[in-house]
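Same order as they appear, the protein sequences are chains A and B.
Take 1 as the starting number for the first sequence in full-length UniProt numbering and just add one per residue.
Take 1 as the starting number for the second sequence in full-length UniProt numbering and just add one per residue.
If you're looking for bench data, these hints aren't it; they were derived computationally from the structure.
Do not rely on the hints blindly, as some may be mistaken.
The list that follows gives simulated cross-link-like pairs (lysine-lysine, BS3-like), each with its CA atoms no further than 30 Å apart [unchecked claim]:
no., chain 1, residue 1, chain 2, residue 2
1, B, K646, A, K203
2, A, K104, B, K31
3, A, K170, B, K232
Chain B is nowhere near these chain A residues, computed Cβ spacing over 12 Å in every case [stated by the list, open to error]:
no., residue
4, K87
5, R111
6, S222
7, T223
8, R244
9, L292
Stretch by stretch, here's where chain B covers chain A in the computed footprint (C-beta under 8 Å, at least three residues) [said to hold, decoys possible]:
no., region
10, 96 to 104
11, 131 to 138
12, 245 to 258
13, 270 to 283
For every residue, glycine included, the Cβ atom is placed at its ideal position computed from N, Cα and C.
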Amino acid sequence: MKQTRSKIISSVLIVMMLMGVMVSSAVAAQVTVSVHVDGKPVKFPDAKPYSEDNRVMIPIRFVSEALGAKVSYNKERVVTIEQGTKKITMKVNSDTVTVDSVIKKLDVPARLQQNRTYVPLRFVSEALGAGVGWNQQKHLVTITTATAEGEKPTPTPIPGTSEDNNMFTKGFKWQEGYTKLAKILFVNNMKVSNGKLTFTLPKEAKATKFTLKDAVNLTPGSTYSYELGKGKGFISFTQLYPGRESQEGYSIALDSSFNEDLGKLFGHITNDAIVVNMSTAATLSEVQDLALKLN
Amino acid sequence: MIKKKWMFPLAFVLSLLINSIASAATEPMLKQYTGWSYGDNYGKFSGYVPALEKQVEANPWQLAQWAGMFTFADKNTRVVPNYDVFNVKKKPEDDKFDKENGFGLVYKSTESLGVLFDSIWAGQTGITTKQREHFRKQFSESANDPIFKKGHDFYYTLEEFHPFLRTSGIVQRMGIKFNKAQKVNENSYRALYDVSAWPELKVTTGNTLTINYLSYGFTERDIRIVATAKGKFPDFTNAVSLTEGKLIHTSKEKQAGTVQVLAKDLVKTLGKDVDIILEDGYGRTVIQSITLPDDQTLDFVPTKLTFTKNGQLWVKIRYDGNDVISSDYIHKNGIPNIAGIKIGGALTNEFTMGSRFTDISQTLVKGTIFNVYLGKINVGTKPGKYYIKATTLINNPNHQERALESPAAAYTNNEIKGEWMIEVEEPKNDMVALSVTTSPDSITKGGQTVITAKVKNDGTNGQNDVLIRFFDNTKKIYETRKTFEAGQTLTIGSFKWTGSSTGIHNITVSVDPEKEKPDKNRSNNVATTGCSVSSSASGSGGECNNPEAKGEWSISYPVITGYPTKTYEHYYTNTEGVRNWYTISYTDYNDPIWENRNVQYKENLTISAEVNTKQGIATDLKRPKESDRESRGSWEIIPYAKKNGKNANEITRAGYGIELKVKTDYFTDWESKVPNGLEGTAYPIGGTYYGPEAVYATFYTPNGKMERQVKLERTSGDRNNATWELPLQTITSDSGKAYQSRKYMTSVNAADGYYRIKLSTGPSGMNGLVACVTKQVQILGSVYDDVQNLRRVN
Chain A
1 MKQTRSKIIS SVLIVMMLMG VMVSSAVAAQ VTVSVHVDGK PVKFPDAKPY SEDNRVMIPI
61 RFVSEALGAK VSYNKERVVT IEQGTKKITM KVNSDTVTVD SVIKKLDVPA RLQQNRTYVP
121 LRFVSEALGA GVGWNQQKHL VTITTATAEG EKPTPTPIPG TSEDNNMFTK GFKWQEGYTK
181 LAKILFVNNM KVSNGKLTFT LPKEAKATKF TLKDAVNLTP GSTYSYELGK GKGFISFTQL
241 YPGRESQEGY SIALDSSFNE DLGKLFGHIT NDAIVVNMST AATLSEVQDL ALKLN
Chain B
1 MIKKKWMFPL AFVLSLLINS IASAATEPML KQYTGWSYGD NYGKFSGYVP ALEKQVEANP
61 WQLAQWAGMF TFADKNTRVV PNYDVFNVKK KPEDDKFDKE NGFGLVYKST ESLGVLFDSI
121 WAGQTGITTK QREHFRKQFS ESANDPIFKK GHDFYYTLEE FHPFLRTSGI VQRMGIKFNK
181 AQKVNENSYR ALYDVSAWPE LKVTTGNTLT INYLSYGFTE RDIRIVATAK GKFPDFTNAV
241 SLTEGKLIHT SKEKQAGTVQ VLAKDLVKTL GKDVDIILED GYGRTVIQSI TLPDDQTLDF
301 VPTKLTFTKN GQLWVKIRYD GNDVISSDYI HKNGIPNIAG IKIGGALTNE FTMGSRFTDI
361 SQTLVKGTIF NVYLGKINVG TKPGKYYIKA TTLINNPNHQ ERALESPAAA YTNNEIKGEW
421 MIEVEEPKND MVALSVTTSP DSITKGGQTV ITAKVKNDGT NGQNDVLIRF FDNTKKIYET
481 RKTFEAGQTL TIGSFKWTGS STGIHNITVS VDPEKEKPDK NRSNNVATTG CSVSSSASGS
541 GGECNNPEAK GEWSISYPVI TGYPTKTYEH YYTNTEGVRN WYTISYTDYN DPIWENRNVQ
601 YKENLTISAE VNTKQGIATD LKRPKESDRE SRGSWEIIPY AKKNGKNANE ITRAGYGIEL
661 KVKTDYFTDW ESKVPNGLEG TAYPIGGTYY GPEAVYATFY TPNGKMERQV KLERTSGDRN
721 NATWELPLQT ITSDSGKAYQ SRKYMTSVNA ADGYYRIKLS TGPSGMNGLV ACVTKQVQIL
781 GSVYDDVQNL RRVN
């Protein structure tokens, strides 16, 4: 990290040294300027802001960093400023800046002076979306960010990484009006011991045991015992409610990480099964506790 | 032909259908999630039953097989044979399951929805795999939509643990609508579905993009129209909304619309190449790739190339284009510029240099001029002309880090060329040794001469402390330092020098021998003269018998033997600002190499003489003649000589004269061997050496006493090969008659015996050679003998 930084600094220095002769004439007419970001003065350890030809030029690095942006240089002398999702690229000594893929023109080209890239103040307001004020008498620049004014940035969810994208929700729910099977399946029937799930399929119910290879229908009234663990699949239970639009059904995973989303919620466990209903999931133990409370 | 084309696909589709029906006839789609089979019936169905128009909580159910018939917009129908249908008892106690009330369910999981998706869309053509996957994912993830939970009309649980979604409800999320249930016969039912058309998109490019779209569906939905960088789909991270960030919400089966957007805004954010994407709210997409018009002009133009006096190369660059942020288009290392340099002339070289220009303002404004330094070219100090060609390429289009120019043609005007001639001038100063003289130029050994030189500063700048050194051959004999005004000639010396050895001494003056001063031409820095030092011998007096004299000497000549190869360095500045040095070799012709060459010379001098008393001329009394007057003693001398084996002409009477004929021959090879160097060196020392200027005859009487010395006259020949005789003088005879004669008259009183005549040259040649020979004449009687005898005869 240190190496990289020192490389960057040294390459900037080299560029600056080369530019040094050219800019010397411009330095002569400078007036020192102070900068406040959200009321706090910005410290400029070396290069200071200045006013030239009625334009305030500021070193972009310190102001950008004060605004919470990352600033980097690359070999092509392109300065990249990233503030959240906003991305600004600018070539040193060019009057063209790309802000979020849109070309914008500076009224004064970005300049290199005293090892720093200077941009006109207007750039800060246009590109970084900050409010800028200028006090001519005090030679004071005041920069106000949107955050300071009370708005909070909304985090943008990144697809595929949020828990919201899990197909299961932790916290078991019963399908209202469909709990008969639950009472005979989860109460005084289904149990886990020695890494095995044992149950007697109620006569009113149907069940199928699924793996990724096959599916086997179970016989009502029979007792089954299945090992819990990786690759063991799941069992789907249903019970008809004649005359009704739907039926009662539960899927019980013998493999707590049967799929990726389930694994994310429960990890790899072998001392309990996972019961899913209407995309809500809980361990069998929890469901059995809930079942005890059913009327 | 047309029939055949259609026959094949139709037959193919049918065979696929039949096959799929046959293979899946007994396998419900939900089988793998529940284990159930068609015909199975159990007790707990929970959810909304459309035919009953109510939610049931725990009703018995039966699984039945229908066929799902999905009819597409093109009227083609795709059959899903294992379309799972549940027949639910209206009341749990009913005897039979109500087939008429059956309806389809699909297992609620992403996987299961994916299977359903595939069974419907398996045959969809005209889309990419990514589009299909995006659509499939979008749909299958509906399974996780938190909206589907207990209480939702499309949500069901069977046996509490198996979640389902109503098929007719969920397929709406694919743009599909349930049409009706169809009873084929007592045991065969179908569920009929209509599939909405795939969305359509047409983008017209320009400065403004015009996007016309059609989207189909049966439900409320949000249509999204965005742009991404090309190929990014399905990544929407940096997508740009083309509808100002809002989605197009509709519930129309066919939603048509037009969206317009400025192209340049997209270019700035996403670049030029983008995909326009419509997503119809179901995950179905239509994608159109476009290249956005590059209406932005960016052009760097070189306007002037300058080469400064101090060797700097600069280029002016003008920016033509839209006003832009410079760092968006120019690399941090700056604009790369290069210059290909060719140098010709005094040196030849070729190289590339360059620089990166970084002094750029933050905003590039049209018309801005940049003055860019490219580098420095230093051609060094070697004099000469240099031709410099520079081909400069600004914002080097081939460089990886070049600045962006647009349109592409903007890179084609980046070159600028320039040519210059620069001259590195020679040094202004030229020190010249004008002359060196010795006075006198000929001395005897041990004697002194005064040496003087003249040196000129032939330049426009003064020169201080110029070293001037004198040499005797190679030996340093004197040096001094002098300061010269521009153009000034100074006399150096004089100083005395003693000739301590015989021979010719090459006296040399050398200006700035240590090369301390700039000098454009050092070949004129030396002047020489010769000084002859001879022995102190004179040609008079003394007896000698040395008819041949020889001499030799050596002389040292300064000669230019060559020129030094020098290295020369110049540099240019490269792109990193580093100087690159080049070393070039060249020959410096203005700084010659002097060497001394010794040459041996020789000379010789010979002397020979004849005496003639004329007494060998016989007289005849009967026929007297004029010449008889010179041979009066012959009457006795001839017989005497004959008798004694002597030469009558070498015998005479005391008082008669003697004639002399002396021959001298001198030879020297002086300066016939001057070394042959460069630039006309060596310079001849000059001077000519000759035989004797004088020959002396010294007469000694028979009793050994020197009687007289006579300087002979050269009567013929030249200065080297000459004949010498006694001077002409007038003699009066006894008869009073005068005669012209070259005779030495012996003393009339001389006793019989021998007159000795020493003949000696004066100093000759370089070494003062002296040759001498001694002759003798016998005295036999005196003139009186002839008078008496003559009288007696008479």
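Evaluation of the provided hints:
The straight-line distance between the Cα atoms of K646/B and K203/A is roughly 200 Å, outside the 30 Å bound, and the hint therefore fails. Between the alpha carbons of K104/A and K31/B the distance comes to roughly 53 Å, so the proposed pair goes past 30 Å and is violated. Proximity of K170/A to K232/B is assessed by CA-CA distance (about 44 Å); at most 30 Å being required, the pair is judged violated. Consistency note on K87/A: stated as away from chain B, yet its beta-carbon is not over 12 Å from all of that chain's, at 8 Å minimum.
Distance to chain B contradicts R111/A as a non-interface residue, since its nearest Cβ pair spans about 8 Å, not more than 12 Å. Every C-beta of chain B lies more than 12 Å from that of S222/A, the closest at about 17 Å, which supports listing it as non-interface. For T223/A, the requirement that its beta carbon stay farther than 12 Å from each beta carbon of chain B is met, with the minimum near 20 Å. For R244/A, the non-interface assignment is contradicted: its Cβ lies about 8 Å from the closest Cβ of chain B, within the 12 Å cut-off.
In this structure L292/A is separated from chain B by more than 12 Å, as the shortest Cβ-Cβ distance comes to about 22 Å. With a threshold of 8 Å between beta carbons, the proposed coverage of the region 96 to 104 of chain A by chain B holds, since 7 of its residues qualify and at least three are required. With 0 residues having a Cβ less than 8 Å from any Cβ of chain B, the region 131 to 138 of chain A misses the three-residue criterion, and the hint is violated. Counting residues of the region 245 to 258 of chain A whose CB lies closer than 8 Å to any CB of chain B gives 9, which reaches the minimum of 3, so the coverage claim holds.
Only residues whose beta carbon comes within less than 8 Å of a beta carbon in chain B count, and the region 270 to 283 of chain A has 4; three or more means the coverage holds.
Hint compliance for this structure: hints 1, 2, 3, 4, 5, 8, 11 are broken, all remaining hints hold.
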